[in-house]
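*Asks:* Listed below are the residues making up each chain.
Number of protein chains: 2
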Amino acid sequence: MSTITRVRVHDVRFPTSRTLDGSDAMNKDGDYSAAYVVLGTDAAGPDGEPLTGYGFTFTIGRGNDLCVEAARQRALPLVGRDVDEALDDLGAVYRELAADSQLRWLGPEKGVVHLAMAAVMNALWDMAARRAGKPLWRMLVDMTPEQLVDVADLRYLSDALTREEALAILRAAEPTRAMRIADLEARGGYPCYTTSAGWLGYSDDKLRRLLAEAIDEGYRHVKLKVGADLAEDVRRLTIAREVIGWDAALMIDANQVWDVPQAIMWMEHLAPFRPLWIEEPTSPDDVLGHAAIRRAVAPVGVASGEHGMNRVLFKQMFQAQALDFCQLDSARLASVNEILAVYLMAAKFGVPVCPHAGGVGLCELVQHLSILDYIAISTSLENRVTEFVDHLHEHFTDPCVVVDGHYTLPTAPGYSARMHPDSVAAFSYPDGAEWRS
Amino acid sequence: MSTITRVRVHDVRFPTSRTLDGSDAMNKDGDYSAAYVVLGTDAAGPDGEPLTGYGFTFTIGRGNDLCVEAARQRALPLVGRDVDEALDDLGAVYRELAADSQLRWLGPEKGVVHLAMAAVMNALWDMAARRAGKPLWRMLVDMTPEQLVDVADLRYLSDALTREEALAILRAAEPTRAMRIADLEARGGYPCYTTSAGWLGYSDDKLRRLLAEAIDEGYRHVKLKVGADLAEDVRRLTIAREVIGWDAALMIDANQVWDVPQAIMWMEHLAPFRPLWIEEPTSPDDVLGHAAIRRAVAPVGVASGEHGMNRVLFKQMFQAQALDFCQLDSARLASVNEILAVYLMAAKFGVPVCPHAGGVGLCELVQHLSILDYIAISTSLENRVTEFVDHLHEHFTDPCVVVDGHYTLPTAPGYSARMHPDSVAAFSYPDGAEWRS
Chain A
1 MSTITRVRVH DVRFPTSRTL DGSDAMNKDG DYSAAYVVLG TDAAGPDGEP LTGYGFTFTI
61 GRGNDLCVEA ARQRALPLVG RDVDEALDDL GAVYRELAAD SQLRWLGPEK GVVHLAMAAV
121 MNALWDMAAR RAGKPLWRML VDMTPEQLVD VADLRYLSDA LTREEALAIL RAAEPTRAMR
181 IADLEARGGY PCYTTSAGWL GYSDDKLRRL LAEAIDEGYR HVKLKVGADL AEDVRRLTIA
241 REVIGWDAAL MIDANQVWDV PQAIMWMEHL APFRPLWIEE PTSPDDVLGH AAIRRAVAPV
301 GVASGEHGMN RVLFKQMFQA QALDFCQLDS ARLASVNEIL AVYLMAAKFG VPVCPHAGGV
361 GLCELVQHLS ILDYIAISTS LENRVTEFVD HLHEHFTDPC VVVDGHYTLP TAPGYSARMH
421 PDSVAAFSYP DGAEWRS
Chain B
1 MSTITRVRVH DVRFPTSRTL DGSDAMNKDG DYSAAYVVLG TDAAGPDGEP LTGYGFTFTI
61 GRGNDLCVEA ARQRALPLVG RDVDEALDDL GAVYRELAAD SQLRWLGPEK GVVHLAMAAV
121 MNALWDMAAR RAGKPLWRML VDMTPEQLVD VADLRYLSDA LTREEALAIL RAAEPTRAMR
181 IADLEARGGY PCYTTSAGWL GYSDDKLRRL LAEAIDEGYR HVKLKVGADL AEDVRRLTIA
241 REVIGWDAAL MIDANQVWDV PQAIMWMEHL APFRPLWIEE PTSPDDVLGH AAIRRAVAPV
301 GVASGEHGMN RVLFKQMFQA QALDFCQLDS ARLASVNEIL AVYLMAAKFG VPVCPHAGGV
361 GLCELVQHLS ILDYIAISTS LENRVTEFVD HLHEHFTDPC VVVDGHYTLP TAPGYSARMH
421 PDSVAAFSYP DGAEWRS
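Keeping their order, the protein sequence lines are chains A and B.
Read in the UniProt record's numbering, the first sequence has 353 at position 353, and its numbers run on one by one without any break.
Read in the UniProt record's numbering, the second sequence has 178 at position 178, and its numbers run on one by one without any break.
None of these hints come from the bench; they were simulated from the model.
Accuracy of the hints is not assured; some may be wrong.
Identical copies carry no separate label here, and so any pair may be met within one copy or between two of them.
In silico DMTMM-like links for lysine to aspartate or glutamate, alpha-carbon gap of 25 Å or less [what the hints assert, rightly or not]:
| hint | residue 1 | residue 2 |
| --- | --- | --- |
| 1 | Lys348 | Glu217 |
| 2 | Lys134 | Asp47 |
| 3 | Lys28 | Glu394 |
| 4 | Lys134 | Glu174 |
| 5 | Lys28 | Asp100 |
| 6 | Lys28 | Glu232 |
| 7 | Lys348 | Glu85 |
| 8 | Lys134 | Asp100 |
| 9 | Lys28 | Glu96 |
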C-alpha cells in the first residue's frame, strides 16, 4: 500500500504589476500569483519518480498567503491516505473535504476556502492523471458517463439538472467521442482567442502593434479591456476596428466596474463597434443584473464567470437566462468535480462555455476542460473559443502550446499544472530571489 | 493630532462543540470563535483611558486563523491615520479598504476577506461610538439622513435603490425618531426570540425543559433546528407544540441541508405544525431557489441571511421576492456601511429584517442594528423579532441584557463589542489556558 505522505503549499508570486500586464478597470496592479500545492506520495509514478500531484489556485497578490494556509488546512486530512483508494474515488474525497463544517462556515463554498479547495482538488486530479499516464483530458474522456456523474458535485442543483439528465447528456455524446478527438487533431487543437493585446495600461502604439500581431498569428478573436473612461474606450475601440477590420470578432471586458443602469448606458455607446460580448459588466454575484443587462444590450452578448464563485451561482445564471457565454474559472470553481457540474448545466441550457484563462497557469488547465467539453459533453465548437494570454508559460514543465489560434492537444501525463522547481524557488514570496532583489 | 497606533487581532475560540451547543443539521460540532480586532490609538477616550476600537467577525472554529490574518492585512493601512479624520468619514475609510484590488480578487466581497472587512469596520464603528460617548445605536440615530446615506455602501444597488430613494426613506422617518425611542423605552426594549432551546443535539427531555423555560421567561417565539431526519423532526415539533401551545410562534431552521425540491417535499410534512418561517431551506446563495420554495410553502414564510454574503445577494433576494424575513448577519456583512444598505433596501421592498444572532457576540451587535432600524429606517416592529441565544455573554464587558423577551436599550458607549481581557487570554487559540488544558 502506498500513501500520501506530504503536503507542501508554496506562495508563488510574479511581479506583473511592474509592467502593467493584466491591468484593467478594476485591477490596476495585480501581481499574478499561485497558491501552489504539491502532494507527495511514496508510490512509484509511471516515470520511476515518486508519484506527485501538482495543483494551484490563482490570485493577484496580497492574500495569496491566506489561500496557501487554507489549502494546507484543506489538504492535511489527505496525509496518510491510501493513494489508490483516494484516486479511485475522487468524488468521495471531494465530498469529505467539502463537508468540513468549520471551514464551510467561512464561505460556504466561496472565497478563500473555496479557492483552497480548487487548489487541493486540482492537485489530486493532476496526480490521478499522472498515475494513469495520460493527460487529464484523455483520462476524463476515457471515463464512462456513470463515472463522470459520480465525481460531479450535483448538490443544490436538482431543480435545474437531475442526475438522470446529466447521465443522458454524457450518454448521448459517448458513441461519437472518438470522432471528435480525431476532429480536434485534424484542426490543430481547440480554438482560442487572445487578451494579450488589450490591457488597459498599454499605450495606443503598443495596442495597435499587438492587435496587428494577433491577427498575423491567426487569431480571429481579440479582447480589449474597457470601463475606466468612456471617451477612451471609444478611441481604443476605433483603433481596434481599424487594425482588425470588421470580420474578426472583438470582445470587450469591463471587469465589474459598472452598476446595472450604468452598464446599459455605457454599452449604448460601445455597441456600434459590434462587440461579440461585453464581459463582467457588473458585480459577478448579480444574476438578475446580468439578465437585465443582457435583455438591454442584445445583440451584443453578455459573458461572465471568472469570478463565478460556485455552481449555485452558475445554476441561477442559466435559469435566469443571464449569460450568452459562460466563462467558468478552473482555479475558482472546486476543480473537475464542480466544473463538470457547470459544463453539464451549460449543455442542458444551451449556453456555450468559453473558459476564463490567463493569470498564471490557467491556460494550462483550461485547455483540458475545453477539450473534454467538446469530446464528451456539449459536442459542439459553435460560439466556443477559449481565452489565451501569452504570459508566464515558461514557468510550467508542460506549458500549453498555441499554434494558429488553437490550443494543441496536451500529450504529457497530468493536468499540466507542474511548475519548474527553479521558478517556484525564485518567485516564492517573500524570500525568493526575485522578491529579495 | 492623535493617530491609530496599533492593530492587534486575536484568535479567540470557545470549545462549544464539547456540549453540542449550536448543533444543527449542517454544523454538528462548531467551536464558536471570533477573529477579534483591537485598534489602539494615542487619543484620550471619554473615560480617560486611551481611545480604543473593538470589533470581530464570527466563525465556528477551524479557519478562524485565516480571518485573523485577513483582518490584520485589512487593518494595516489604518496604522498612522489621524483618528478624527478616519472616524469623521467612515464611508471614505470603508471605500478605501474595500478598493484593495488584490484582496478583492479573493472574493470579491465574500468569504474570508469580507468577514475580515466586517471585523475591522466593526472595530472602527465601535471606536467612533466610544469617541462620541454614546452607544452605537444612539450615535447612528443622531446622524442626519445625508450622513447615513454617505456612509452606506450603495455600489451595485442603483437598479434596486437609488441614493435619492434611500434619502427619502430616512427623511420620512426623521421627524418621529424621538417618539420611537420613547416607545422602545416604554416597552422595555426590542422584541427577541430564543434559539437556545432547539439545538439538534439536545435530548427530548432537555428540549421539553428548555421550551417550557422559554415560555416562562416571556418569549412568544421559539426556534427549533430541523433537517437531519424527517421522522425526528415530526417528533420534536410535536413535543414543541405540546409545550408551547399554538399561540406562541414556532420557527424552524434547516441550515442549508436541502436541495430545492427536497425542501418543498419536506415542508409538506412540517407545515401542519404551522411554523412562522422555514429558515435556510437550501444554499444561501440560491436566490431563485428561495423564491421557488417561498411560492411553494406559503403561508409558511421563508427566512434566510445569516450566510448572506453581501448586499448584492440581498438585493436579488428582494428583487426576486424570495424572502419573507431578512436575517442579515452583523459579522458577515461589512459592518454598518453595508448593513445600512441592506436595511434601506428591505424597507423599500417591505421585507422585515430579523437579524441573525447567537454565536459569540452577535447578540451584542445586532441589538444596536434592530433599534436603529425601528427608530430611523423601517419605523415598524411588525413581524420583526431579533434572535437571542443565551451563550457566552459573560465574556463581554457590556453584555446585552434581555428581560421578558426584549433586548433592553444599550447605554454604554460603543458597539458592545469589547471582550474581557481575561476571556481573550484564556480562550486564545491554541495557547490560552482553556486550550492548553
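*Asks:* Taking the earlier hints as the rules, which of them does this structure contradict?
*Replies:* 1, 7 and 8
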